[in-house]
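A.B. asks: Single-letter residue listing:
2 protein chains.
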Amino acid sequence: MSCKTVLASKVSASFRNQIKQDIKERDIHPKLVGFLANEDPAAMKYAEWTAKTCAETGVDFELRKVSKMDLEEKITEANEDKSVNGIMVYYPVFGGKQDLYLQSCVSELKDVEGLCHKFVHNVYHNVRFMDKEETMKCIIPCTPLAIVKILEFIGVYNTVIPYGNRLYGRTIAVINRSEIVGRPLAAMLANDGAKVYSVDVNGIQLFTRGTGIHLKAHKVEDIEATLEEVIPQCDVVITGVPTPNYKLSSSLLKDGVVAINFSSFANFEEDVKSHASIFVPSVGKVTVAMLERNLLRLYDYQNDLTEKSKQQ
Amino acid sequence: MSCKTVLASKVSASFRNQIKQDIKERDIHPKLVGFLANEDPAAMKYAEWTAKTCAETGVDFELRKVSKMDLEEKITEANEDKSVNGIMVYYPVFGGKQDLYLQSCVSELKDVEGLCHKFVHNVYHNVRFMDKEETMKCIIPCTPLAIVKILEFIGVYNTVIPYGNRLYGRTIAVINRSEIVGRPLAAMLANDGAKVYSVDVNGIQLFTRGTGIHLKAHKVEDIEATLEEVIPQCDVVITGVPTPNYKLSSSLLKDGVVAINFSSFANFEEDVKSHASIFVPSVGKVTVAMLERNLLRLYDYQNDLTEKSKQQ
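Residue numbers (our numbering), protein chains in the order written: chain A, 177 to 488; chain B, 177 to 488.
No lab work stands behind these hints, which were simulated from the structure alone.
Do not rely on the hints blindly, as some may be mistaken.
Copies of one chain are not kept apart here, so a pair can be met inside one copy or by any two copies together.
Said to hold, decoys possible - Heads up, simulated DSSO-like pairs for lysine-lysine below, C-alpha to C-alpha not over 27 Å straight-line:
1) LYS294 <-> LYS313
2) LYS308 <-> LYS371
3) LYS423 <-> LYS371
4) LYS294 <-> LYS200
5) LYS250 <-> LYS273
Assemble the whole structure, with the sequences as input and the hints as a guide.
C.D. replies: Written out as structure tokens, the structure is:
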């Protein structure tokens, strides 16, 4: 057994150090507000990590516990409060479509999670900038971004190949097709050249780069295949099933597979390491680093410190 | 038994005539594109009504049957096509949160259904105009708007009371809390002064005007009550349960109640008329009239024919 376990803390270290140094050198005090409106233990844990990481790196983090019914009004207040540079919400709140509504209530200039409609839309359409002048890069949904950073760290992205095609030749399964992680992640990986099987309880879809000129976007097809057929083909298997009972059978994994779990529950069986070459048991700490990275970017946009304005 | 049945065709007649006359007098040819990406019989029927009503009133309607996977690209093409003045989609497409994503993919200047995030957000926050200069009135989600127009037609809105408070003193139940009809409808009725019980499978919420100054919006509370407790208090009961088996027990209805069903299935029992003073069995034809009304408004915005520009 020669599987290497890669911890999120290791992947996030260089990002955290860079953020810490940047904040110190520039002597700035970016403020992030997190809204907690549920009693979900996973959300609570995520909030604790955010607080701890922010304290270490010099971000002023404030956790605001609010009732579900007050949340939208509190978000609106924070949108208008100039002392707040970033806003995040610990989901689920209502759990259904109303949560998607709430995601778009966060001002795009403060949306560190990258979950408002404009940012998610831009990911699907490979739109890289917020403005026509191309001075402000888009914010990318932070968990999909964290997973891409992990894939870069562990060498799944091939840096010899030109940017935008560095996953060419890779077959990847993403078991989760949520609007906030699985679907944008599948699109991002396909846009970078991978063949992606997107799996949820309703079936399997194949995401590929596609040939559509109009949208410069990935292509999606429903396919008639089972998990048993697709998983053995995959170089990378990424799981995010939000239930304690789900376990992907290790017998389906091809030897040398890269296994990444972003669920707060362990979706791989204990013997995953007898098949995998690399196993990443969780991604949360990288996600928090991406939140901070997005916060600094938005801080500059709010203070008109983009490259363009610096040149003027 | 003295219940009066009011048909949607009767309520919609004056709107249709006005739209027809307006189109004829101005000699314009507004074009509405409807996207059908499902095999749902209710959606097909709705598409047929749209086509028929548009033909009668002079709107150039084109039904485009597309695959689910191509829908987003086709919407984007229509957004950019200057010959298209309005876009609508027959939902459900994917059925879950992805449908909410699609709703916000329609350009707000062509969104005749009023379902993009900005319009739904503005309904909740009582924002009446799209622009700061207040020259362009917001588009209101069309089924909730149709139900308000029905309530005005049948005299539930009291025109003796000042505008904005015309439902004061009324108690209304809305059985459906979807993001596209039930929740915005409950908010609109509360903003007009009613006490609204919003009912879904997860429980009952009470929407009232509230006292929040910040958002100038309604207030929402979870309440511990059963359907058996709230329905007998209601002057108006509005149902929208999308299943053939759901029937609201007539024994709960108070005598003289106004009963309105917007589901494509009959949610009231056959003997509803032995309790109700007014019964509206369906609303679809008013919804189509509101689509056309929204289309004409957006046509003017696209062609810069707002009041402000007319005055210049």
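A.B. asks: What hint numbers does the structure not satisfy?
C.D. replies: Result: hints 2, 4 break, sorted rising.
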